[in-house]
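Peer 1: One-letter residues, chain by chain:
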Amino acid sequence: MIKPTDSALTASRLNESTKMIFHRRWVRVVDNFFQSRWKGLSVAIPYVWLVIFFLIPFFIVLKISFAESLIASPPFSSLFEWSEDAALKMTLIFDNFAYLWEDDLYVKTYLNSVKISTISTILCLLIGYPMAYAIVRASGTMKYLLLLMVILPFWTSFLLRVYAWMGILADQGTLNSFLIWAGVIDQPIRMMYSEFAVYIGIVYSYLPFMILPLYANLEKLDLTLHEAASDLGAHPITVFFTVTLPLTIPGIIAGGLLVFIPATGEFVIPDLLGGGNVLMIGRVLYDEFNSNHDWPVAAAVAIALLILLVIPMMLYQHAQSRQINN
Amino acid sequence: MSTQERDAFLDRPWKDSTAEPFIRIEGVTKRFGAFTAVEAVSLDIYKGELFSLLGGSGCGKTTLLRMLAGFEEPTAGHIYIDGVDMVDVPAYARPVNMMFQSYALFPHMSVEDNVAYGLKRDGVPKAETSQRVADMLSMVELLELQKRKPHQLSGGQRQRVALARALVKRPKLLLLDEPLAALDKRLREQTQFELMNIQDQLGVTFIVVTHDQEEAMTLSTRIAVMDHGQIIQVGEPSEVYERPQTKDIANFIGTINMFDGEVMSSNDSFLLRCPKISKPLKLPSQTELNIGQQVTLAIRPEKIKMTLEDPHDPSRITLRGEVLEFAYMGNISIYRVKIEGEVVLQITIPNLDRMAERKIEWDDQVFISWHPDNSLVLRD
Amino acid sequence: MPSRDKSITDMPKKRSTFLLSVLCFGMAFLYIPMFLLIVYSFNYSKIVSVWGGLSTRWYISLFESEEIWSALMLSLKIAIVNATFATLFGTLAGLALARFRHFRGRTLFTGMISAPLVMPEVITGLSLLLLFITLGDLIGWPEKRGITTITIAHITFSLAYVAVIIESRLSGIGETLEEAALDLGAKPLRVMMDITLPLLAPGMLAGWLLAFTLSLDDLVIASFVSGPGSSTLPMLIYSRVKLGLKPDINALATMIILAVAMGVLIAGWILIRQQKQRERDAQLAGAK
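Protein chains in written order, with my numbering: chain A, 246 to 571; chain B, 123 to 502; chain C, 77 to 364.
Since the hints were made in silico from the structure, they are not lab data. Any given hint could turn out to be false.
[Unchecked claim] Computed from the model, here is a short list of chain A residues facing chain C with C-beta under 8 angstroms:
1) VAL288
2) ILE425
3) GLY428
4) PHE441
[Unchecked claim] Residues of chain A clear of chain B, computed beta-carbon distances all greater than 10 angstroms:
5) GLY285
6) LEU300
7) VAL352
8) LYS353
9) ILE364
10) ILE367
11) VAL429
12) ILE430
13) TYR444
14) LEU477
15) THR483
Cβ coordinates follow ideal geometry from the N, Cα and C atoms, glycine included.
Here chain A stands alone, though its shape is the one from the complex (with noise of 0.2 angstroms):
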């Protein structure tokens, strides 16, 4: 016999237990939705956002690139256009790549920017790789510390560190006035906006961009391929050119990569140190966009660049994957 009190309790803790497994069930209704989505989610939401602002950009200039240009707000054409019977037409307008191989200025400004970018990676190559090297034999802590003052003008505005060669490089700046007080000369040199001057500023702001894969790769490398070579007869300087060279290779094309990509699309150091007369294709590019207005021609001048660069840009990629894998 149940007593109503009991049946009643009993009852209250039925409803107290369905409503555990109630809950229960719920949480793991919601756990297994995670458990089974959350990697999805994970990857969907960097993934929307790479598309949405990094690869329809992209098509977007692309787009641009084949429109004519317009006096006109956005100062291009449509690219589509419904005509009468409903069918998507497009236009396909090369006058704008066409106009660019034409026009002498942008041929030079290309050939000058790449001769630019390659002369300013291998002085970066020249100075970085004995820096890299001596750090990596350096002991200890002074180890850290060389390290750490090759990455703090990383962390400090790369405007400023330009800004400051404007004062060394100044008809009236540091360099001259240090030069004239030596007896070396008795004229100020023209050293400001020119192409030393960018040649310096490239490689300023580069070289730690350069030493740091170079000392990575440095670093791993195993010290007993040197002794064995040196153990079968070949002089240090040998050695370095038989053994460590060729190893360092990868490090030498990371370094290299990550010099000449950016310093060929560079705009802040031949605007700031080369003036009017250093032409770099990212400084046109800026200026047929900003003062020009030419849209089109500027997205023709982007798609052009990034074509000049998709090779090293793949190349770098390669590397680092390779990397990443061994």
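Dock chains B and C against the given chain A, drawing on the hints supplied.
Peer 2: For chains B and C alone, coordinates are given in the frame of chain A:
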């Protein structure tokens, strides 16, 4: 000196006090900061020897080898190779080649280029280089793999490339740093014999660094046992095994049972009173001992006999015991036998017959016995 | 000796005059310009490169300049929001790259993560501006360009940097710990919370700091996507510097360099101390 004696010395020049050593290490010390890696080591090694430096990790054997190769400079002392002081000779100019533990094959070069590397540095003409490389590669049976890169080779093949690369320069002295450590057991045994054959064929002096006492025993003409930067014993493998000079060496090379105790005398022989065993143990004759001295009696497991019946042999030391456990290894069986108190001995018994009448098993009461002359007296 | 890999670090330390002199030259090259910037910030003279005596007048005029303060505030706001979102998204992206081996469109994803790292700033800036204009025409958002559009642009390229840091850290850690947790009965999400994220914390901090600095430092992209009235600090500096040397900019540069140097030195000091502690611990453990 008789011809017979001279012939005996031909194989064992270290027994000949007039023989000129090929390598002379004289009071060599190496310090890294406050740490002394090698301390006052002196050693003579003769032409054609296969000499092993044996010791645990951190004993200084590799540092000694690296000083021979020229990668480290001794803090004090001299190294002479073929009578020439090596102090100011850089590694690349020494008549010495080394086989590295990691093999240190150049990953960006083919097998062929790896082996040819040293000859190119010496400016050997191209035709001769390729001939010598081919000869060496066929000796180590790698001729058909000469175009491969090191990462396309197996461990054993890499080891042979490393050997070929070091030998192709015809060095006077070959240094081998743990040459077999990276190989699996089967390959290691096979390669041991190959190494000995090659050494025999070419007559090059080998110095091998190893931590593996079995390897050292099999390969070497002589072994130097090192500990804490010092050489604690030099001798032929059998000497080091049968007559270890300290407890450490006895323990490091093979297994050994030890009893600590105090020397006492009875009649014309010495006995050891061991606090853990009621019966005094007879010590081997021909040992200089003083009464009351603290010594250790040591006996190798294979020199102990184990029977179910009392052997009743007064010339042997006999003790009673109980089998705690045993392991059947195929060729031998290893027993752990508890004798009185807490003393446990290890004994190895060869499995002579396929079907023994009565195998000794767990919990069996046994008699163990050994001849005193088969035991050793060790001092600390 | 225990067999361990040796690197050039362990090479016998014979001093190479050549290496040492290149190192000194390189460091001088890196640091003399910054040093001069600092020295000239205390110059009384209005012409930066002519010494006119010691003075702090440019610091005073700097603090009184409302324009600079508001640009700084704007830059800091953008940098903090950017760093936070970039770290969030970048961590997810790095996790996906390092741990989820197969998902649809992985190749495209990898490409989109690594391309912004090497994409010239002018192109990134131009393409984002064109996107914002197109979106404005199509859906009426963004109505005007300014703090929001700059932040979005910064998140886009910063998240790639964070993702790369996270990915390399994850592949450095390896999967054994996570597998051990799975083996002990933790579900994948639990493993993520208990094991992976705590291990990633230092990487996320590094990512946040990097994203913060990248944002504070950016001139080109911000000039493309900003609108009237929203000048970030680099944009303000650029517009002043474009016309020549400005003593108050020297003062500003000095403050920035000192702040960064302090931060880096403190971080470096902590790192070195940790390293030494670890070495000491290892020695102690070895001794026992």
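Peer 1: If you test the structure against every hint from before, which numbers come out violated?
Peer 2: 2, 3, 4, 14 and 15
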